[in-house]
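Novice: For the record, the sequence lines run as chains D and Z.
The first sequence lines up with residues 1 to 649 when you count with the numbering used here.
The second sequence lines up with residues 1001 to 1314 when you count with the numbering used here.
Among the hints, a few may not be true.
[What the hints assert, rightly or not] DSS-like cross-link-like pairs, simulated, lysine-lysine; straight-line CA separation at most 25 Å:
hint: 1; chain 1: D; residue 1: LYS257; chain 2: Z; residue 2: LYS1274
hint: 2; chain 1: Z; residue 1: LYS1130; chain 2: D; residue 2: LYS32
hint: 3; chain 1: D; residue 1: LYS471; chain 2: D; residue 2: LYS453
hint: 4; chain 1: D; residue 1: LYS524; chain 2: D; residue 2: LYS354
hint: 5; chain 1: Z; residue 1: LYS1235; chain 2: D; residue 2: LYS471
hint: 6; chain 1: D; residue 1: LYS453; chain 2: D; residue 2: LYS524
Hints listed in this document are in silico derivations from the structure and should not be mistaken for laboratory results.
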Amino acid sequence: MAEASTAPAPAVRPAKHRSSRPDSLRLLFNNKLATAGLLVFALIVVTALLAPVLPLPDPDVTAPADRLMRPLSEGHLLGTDALGRDILSRLVWGSRVSLAVGVSATLIAAFFGSLIGLVAGYAGGRVDTLLMRGIDMVMAFPYILLALAIVAVLGPGLLNALYAIAVVNIPFFARNIRGIALGLSRREFVDAARLSGKSHAQILFIEVLPNVLPVIIITMSTTVGWMILETAGLSFLGLGAQPPQADLGSMLGDGRKILFTAPHVSIIPGVMIFILVMSINLLGDGVRDVLDPRLKSGALTRPVARTAVERRQVPEGATPAPGAVLDVQGLRTEFHIGSQVFRAVGGVDMRIGKGECLGIVGESGSGKSVAAMSIMGLVPTPPGRITGGVALFDGEDLFSVSDERVRQLRGLAVSHVFQDPLSTLHPLFTVGEQLVEAIEAHQPLSRSQAREKAAELLSLVRIPNPVERLKAYPHELSGGMRQRVCIAMALAGEARVIIADEPTTALDVTVQAQVLSLLDTLRKERNAGILFITHDFGVVSAICDRVAVMYAGQFVETGETGEILRAPAHPYTAKLIDCVPVLGEPDRRLDAIEGRPPVVNDLPVGCAFAARCPRAEDDCRAGPIALTEFAPGRQVRCIHPLIGETQNV
Amino acid sequence: MSAYIAKRLLAAIPVLFGLTVIVFLIMAMIPGDPATAILGSYATPENVEKLNRDLGLDKSLLQQYLIWIANLFQGDLGRSYTLNRPVLDEVLERFSATLILAGTALVLCSILGLIAGVVSAVRQFSWVDKTITLVVLVGISIPSFWLGLLLILVFAVNLRWFPASGMYAIYGGGGPLDLLHHLFLPALTLAVVATGVIARLTRTAMLEVLRQDYIRTARAKGVTENRVIYRHAFKAALVTVIPVIGIQAGFVLGGAVYIETVFQWPGIGSMLVKAISTRDLLLVQGGVLVVASAYVLFNLAADVLQTVLDPRLR
Chain D
1 MAEASTAPAP AVRPAKHRSS RPDSLRLLFN NKLATAGLLV FALIVVTALL
51 APVLPLPDPD VTAPADRLMR PLSEGHLLGT DALGRDILSR LVWGSRVSLA
101 VGVSATLIAA FFGSLIGLVA GYAGGRVDTL LMRGIDMVMA FPYILLALAI
151 VAVLGPGLLN ALYAIAVVNI PFFARNIRGI ALGLSRREFV DAARLSGKSH
201 AQILFIEVLP NVLPVIIITM STTVGWMILE TAGLSFLGLG AQPPQADLGS
251 MLGDGRKILF TAPHVSIIPG VMIFILVMSI NLLGDGVRDV LDPRLKSGAL
301 TRPVARTAVE RRQVPEGATP APGAVLDVQG LRTEFHIGSQ VFRAVGGVDM
351 RIGKGECLGI VGESGSGKSV AAMSIMGLVP TPPGRITGGV ALFDGEDLFS
401 VSDERVRQLR GLAVSHVFQD PLSTLHPLFT VGEQLVEAIE AHQPLSRSQA
451 REKAAELLSL VRIPNPVERL KAYPHELSGG MRQRVCIAMA LAGEARVIIA
501 DEPTTALDVT VQAQVLSLLD TLRKERNAGI LFITHDFGVV SAICDRVAVM
551 YAGQFVETGE TGEILRAPAH PYTAKLIDCV PVLGEPDRRL DAIEGRPPVV
601 NDLPVGCAFA ARCPRAEDDC RAGPIALTEF APGRQVRCIH PLIGETQNV
Chain Z
1001 MSAYIAKRLL AAIPVLFGLT VIVFLIMAMI PGDPATAILG SYATPENVEK
1051 LNRDLGLDKS LLQQYLIWIA NLFQGDLGRS YTLNRPVLDE VLERFSATLI
1101 LAGTALVLCS ILGLIAGVVS AVRQFSWVDK TITLVVLVGI SIPSFWLGLL
1151 LILVFAVNLR WFPASGMYAI YGGGGPLDLL HHLFLPALTL AVVATGVIAR
1201 LTRTAMLEVL RQDYIRTARA KGVTENRVIY RHAFKAALVT VIPVIGIQAG
1251 FVLGGAVYIE TVFQWPGIGS MLVKAISTRD LLLVQGGVLV VASAYVLFNL
1301 AADVLQTVLD PRLR
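With the hints as constraints, model all of the structure from the sequences given.
Specialist: In structure tokens:
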């Protein structure tokens, strides 16, 4: 596996690495909703804590004369309840109780759940099985029902409700923490601690616990809102707080009896519960996003149907070269991530005639896949966008036609075969369904006609028993068979150009050879052009008429395959050719190319390869180097090439 | 396929047995004299002695369990002393009402949640997405019992569109239309939280799926964008959402306790609340057992449905 790159975004990673721990709080505050949640929650907590010193009437003093006063009454901002008690005061004191119960239940659940999870994950084996079976059993009960059963046994009361809610939440902690602990206990630092003679308890609490703490905090912040809600619910049902003690739930429950005559008595505590839980949930989402960026909902962006085209200037009057079916000129594709711009493709010309095969060769991240995917707008946007050039198919610029026209041309004019046939075929549809869909996208055929054609396509790519195979799902086929299916799909619309993006990289060598010869035969039979992307000069020599070598988003050498193989002009090309092992020459040195390609958001002014090039001199780094024709049909972007003479101005 | 379903059914049997053990153990945890606790403090000595004999409290815990489970297999869950009728009869009668309510809520939250999640993902970052995200957040933070009260105030008391309580009208009711009329508000209230959870998950699942290679393949074939989203992406997202819908069945069945109390729906939830306050523990036991078993079956159905959609699981 020399290369695994269909990855369209060349360097999405570096941007993410920036979020390091000390910034956690700042990140939390960057999240406006989470900050709002934190402020509201803090306000409620402070008010509840200060209840004894606030100038509030006694929440339990009844005043039958003042019963059921409306909000904004004299002396009672939120009115009074059925016994004439001040609702504002009861609300503050009730929030105090609800918060205390919710937080206590969370702490109890977190403590026991984490303990079970830690022990199960760390011990593994039978202990793990036993503990987790028990947890599964508890989870087999509908959440609130188990709490009810526990309250039924212990008898109604706030403390019992607290226990019940804590118990039913233990599984959430146990499960989450067990998963992490299981992974951690297989890691080297735990082995090291074990070898150094530390006891299991020491390892568990000194080595493992600190690493699962973020998960415990995430689980707490996402369940505490629930627990407050559920204890309020039990009190509402009369199974929690018993008079004269009151929490928000029991206030709501009391108010319910007079809902029709004095709705404010039940509405107000409900609003309070809602605000409290909402603020906690906002805060909890924020905490989760900061501690576990993978889960962050905003991190997932959906690629739209077609790559955005934002060309700085639209080239006018571009004419296709004679004889070319597809003529791409000056293509530029960029990725915009945050404030950074990655120039994945920096001005590339590709020309494919009838039945001709053009190979693009380069390392991972050289931009070859992005260049090819740009043609039919398959580079994901965001973050990709096409910022320059034209792609002329039969004289029609693919970058300026409508989305619908591009859709029609996909598969009909230009079709694709991708690298890994397991991930590129839909796992939930049969091969037949997927083929029929490719056929029907362009031809109005009846279902049975389409199925017949699908079977024909399968036999065209030399799949035995095609009619039977139509009913197979992709996972039921071998890798080579799957890739044949993909090729059959690419042939469904009679496309005149096939873009094959590393079609053989994921396959083993014998299958590789079969797939290559199949593609070669098909292009001769159907006279279709092929744009063949690969990192392997060995594959290039098997199928390509012409080759373009790509480096850091630009072509550095182009020409006839045979000539380039015989006498490469660019040092990079020579190095790539040296990487191909030759059968029967075991002693030949396989030179890996030292160093790494430059990152395309920070390209050097001069030759991008200079840093790794043995022939590099000062003038290489001085300024941009043009792609120059040094012999008929051969171009090189080098001022000190291995052969030929170039005059650089 | 049917072999798989049979296998899943068999696998559900130990879980159901586990449920009976837990339910039995919880009841064995009752502090003090169980017979008195079960019969209440006004029980006559003869009744206490008879119950002690019926429950076999002089025997070991294992023997007690075996006797209890043997009775269970004969459909004998004991007698409710407050209602003076067999627990099983009462529980099954109540459970059918709960099933109507919870089943409707489950269908409602699945449909609404899936639609909201897909729309939210397809129009990511638009005002529609932001509105849905906010509504979902409100939905999962709102106390459902309070929301029920608000809906009663607005739609039953003020607007008089829907009845405030019960399952059928007291006079002249009884038809399916009457049932729907009474069902609307409680089912909607019950569905709110689960809708939020499903919508959130569907959105994430859709966004995740739309980045997959096979979606690019579908686009490369020239399939229309609508088909890409509603056929290719939605089916794949559904496979991850269905187990969560199964779990939501548990929250809906549990949440029915509040909603049935608020809307005076004659289901098992309101029965349980009453039974707990009157300490009718055999009734509680029977009710919990039946609802928990139903939950196991809901999850089983979700499992089977997932397998039907995903051939890799077969």
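Novice: Name the hints, by number, that the structure is in violation of.
Specialist: none
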